[in-house]
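Chains as they are written, first to last, in this note's numbering: chain H, 1 to 380; chain X, 1 to 380.
To give a feel for the contact side, a few chain H residues facing chain X, derived at Cβ under 8 Å:
no., residue
1, Ser6
2, Arg20
3, Leu29
4, Val47
5, Ala338
Take a look, some chain X residues computed to stay more than 12 Å from chain H by CB distance:
no., residue
6, Glu59
7, His98
8, Asp117
9, Glu228
10, Glu369
By construction, these hints were calculated from the structure, which means they are not laboratory data. Heads up, the beta-carbon is just placed ideally off N, CA and C, and yes, glycines get one too.
2 protein chains.
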Amino acid sequence: MSHVPSETTVGVVGGGQLGRMLGEAAAPLGVELVVSDPTPDAPAAPVVRDQIVGDFDDEATVRALAERADYLTFEIELADPDALERVSEATGTPVHPHPETLRLIQDKLVQKRRLRDAGVPVPAFRAVDSVADLRAALEELGYPAMLKAREGGYDGRGNVPVESPDGVGTAFEAIDGPAMVEEFVDYDRELAVMGAVGDGERDTFPVTETIHEAEILRTTCSPARTTEAVRERAREVALDVLDVLSGRGVFGVELFETNGDVLLNEIAPRPHNSGHWTIEGCHTSQFEQHLRGVLGLPLGATDRRGPTASANILGDVETRRQAHLAGVEDALTRDRLALHWYGKHEVYDLRKMGHVTLVGEAEPTALLETVRNAVADLRF
Amino acid sequence: MSHVPSETTVGVVGGGQLGRMLGEAAAPLGVELVVSDPTPDAPAAPVVRDQIVGDFDDEATVRALAERADYLTFEIELADPDALERVSEATGTPVHPHPETLRLIQDKLVQKRRLRDAGVPVPAFRAVDSVADLRAALEELGYPAMLKAREGGYDGRGNVPVESPDGVGTAFEAIDGPAMVEEFVDYDRELAVMGAVGDGERDTFPVTETIHEAEILRTTCSPARTTEAVRERAREVALDVLDVLSGRGVFGVELFETNGDVLLNEIAPRPHNSGHWTIEGCHTSQFEQHLRGVLGLPLGATDRRGPTASANILGDVETRRQAHLAGVEDALTRDRLALHWYGKHEVYDLRKMGHVTLVGEAEPTALLETVRNAVADLRF
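Kindly produce the complete structure, drawing on both the sequences and the hints.
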């Protein structure tokens with residue numbers, strides 16, 4: 001099917017900031033978006049053709065999306081792969097990435113097994129269905145380790161560190177369900193690579209260094225401040241990961257760098273926070289690339305325009321309340337600084353409300369300092 | 001007034017492609033747009049908060065816009081400066097640029113007089129209210145010359161060349177109203193400079209070479225293929241032009257290059273086709289810059305990311321009909337090529353339907369060849 005501008009609609013499950021930035025990328029291509037999201041006037045709503053209000057995993061909502069769309073995709077892992085598959089078959093609307101990929105990624109244990117079997121380097125892990133399982137696994141893996149719920153976690157939710165044998169019972173209770181435990185990786189650095197799969201082609205964006213605090217992404221820079229050999233290895237691993245996934249679109253591949261090698265951390269079957277910098281930093285953004293992939297258009301150039309850093313604007317309030325961001329004038333006095341606001345009506349502590357990006361000629365460390373200072377000028 | 005994301009709405013008179021690209025630039029800044037346009041589902045409609053259907057010069061429509069907006073602006077010269085001024089005063093909603101600027105620019109004779117008086121180099125011109133005026137003026141200015149309607153012309157409409165004394169009567173009849181006649185400028189090249197006025201600051205984007213055919217812009221490249229001295233002179237003249245205008249926003253300054261100097265051709269009090277390349281080609285686009293200007297935010301960096309060319313996608317059909325663009329896959333096989341579709345439902349001959357842009361490391365001439373070839377792959 002060829003892409004005729006204004007005649008191609010993509011239905012997106014999820015209308016958060018990723019849906020919003022997909023919407024910003026869609027208009028120039030002549031692609032119209034309809035999104036579904038349970039929150040009325042979701043972040044994407046003002047910039048897309050329409051929003052259908054409904055839960056991410058509600059099949060009738062997915063069906064309504066499909067009936068208005070030429071392609072289906074999703075920007076959140078809470079989408080239901082079974083519903084997507086049934087609706088796609090019933091309506092003939094292709095869905096990308098393939099729901100099988102979503103199913104694979106939703107279950108962290110299944111994901112890790114499949115990746116390990118495909119030769120992707122992953123931390124040592126064990127399945128955990130009981131306190132006894134966990135205790136036995138930790139005798140092999142040692143302490144500390146990370147207990148992870150098999151399903152439903154994101155931004156560090158659903159992850160519980162186990163520091164010593166005394167903490168085993170409490171950790172298992174906190175997860176309270178099917179889990180896996182992973183060896184603690186004493187990493188030197190966290191890296192991420194956005195991969196892209198098109199119609200018979202695949203590519204990666206430049207390797208990104210990701211800096212988390214309390215498991216929430218704070219800043220990124222590209223190039224990552226590591227060796228060229230590690231960057232090349234990260235790219236290889238990302239391409240190996242793409243081989244395991246099916247369907248088109250972009251995929252976020254999160255990695256640990258440890259002792260000059262890399263280990264896979266997690267995969268996101270969609271645009272990812274670690275790739276937001278590509279909007280200004282690369283010749284094609286991850287959002288345009290996702291749409292090009294879903295539509296089967298030629299993938300765009302992924303080369304970097306220049307060294308780039310980004311910083312998230314996170315909620316810094318004690319109680320949930322209406323979002324009211326002050327300090328924009330101050331932040332924007334910085335040359336070349338770009339603001340991205342997500343349009344969320346309410347702010348709560350550590351909620352991702354927007355981000356800033358800076359493309360420069362300076363070293364990543366200097367760029368990081370500038371974006372951090374810019375965000376420090378902003379307050380709710 | 002400070003800019004609070006999601007709480008700032010800009011009302012835009014006009015919802016064509018300029019309104020659409022303003023909408024694309026507005027979302028990241030957390031600025032919401034409401035546009036007014038007589039055509040339902042105008043190009044901007046799918047990417048902005050709302051469209052009010054109404055004529056550009058209808059005061060009730062402007063009033064409805066103002067009542068929903070914190071700032072008013074316009075993306076078309078057909079806006080009515082008197083209505084804008086009255087509504088702005090009645091509602092307290094600031095309008096940028098100032099309606100006085102619109103008034104000045106709408107009348108080509110008044111515009112040229114004011115610019116000449118301010119020391120801006122303009123071609124020799126005379127007011128023309130009758131055939132006798134025209135004949136007398138041409139005895140001084142010589143043949144050929146360009147007769148221009150004082151009001152209402154764009155894309156070469158309202159401009160009639162007068163080749164010889166035999167053509168005087170026919171030319172005057174074609175205009176049939178208040179006019180001016182301008183000496184024929186045997187230019188070497190056409191240039192354009194986008195100027196930007198913020199709150200107490202002003203700047204220019206890099207000088208652009210504009211290539212017209214039958215008075216319609218076809219392609220642009222930046223840097224312009226001329227000397228550094230001419231580029232510097234063009235920038236100086238553009239800054240002198242900004243001094244004559246009032247209110248904030250971006251302004252298109254079209255120039256003739258002749259014998260190593262420049263002469264002013266025309267001014268647009270809004271983003272302009274000659275600046276579309278800035279979306280990819282500069283660190284801040286003319287559209288974001290216009291919004292920053294209108295809101296009084298710090299102006300963004302106008303430096304060029306790299307040599308850039310753009311080409312318009314023009315209607316190539318004999319009769320007006322539904323727009324259906326084929327060949328997008330072929331055009332997009334070119335590395336780094338960006339597509340911009342305007343979302344117009346109908347196409348007619350030479351209608352501006354979209355554009356493509358390429359930022360590269362190559363010389364402008366090579367980039368121009370690539371964008372021309374890309375557009376040649378597209379057909380309605």
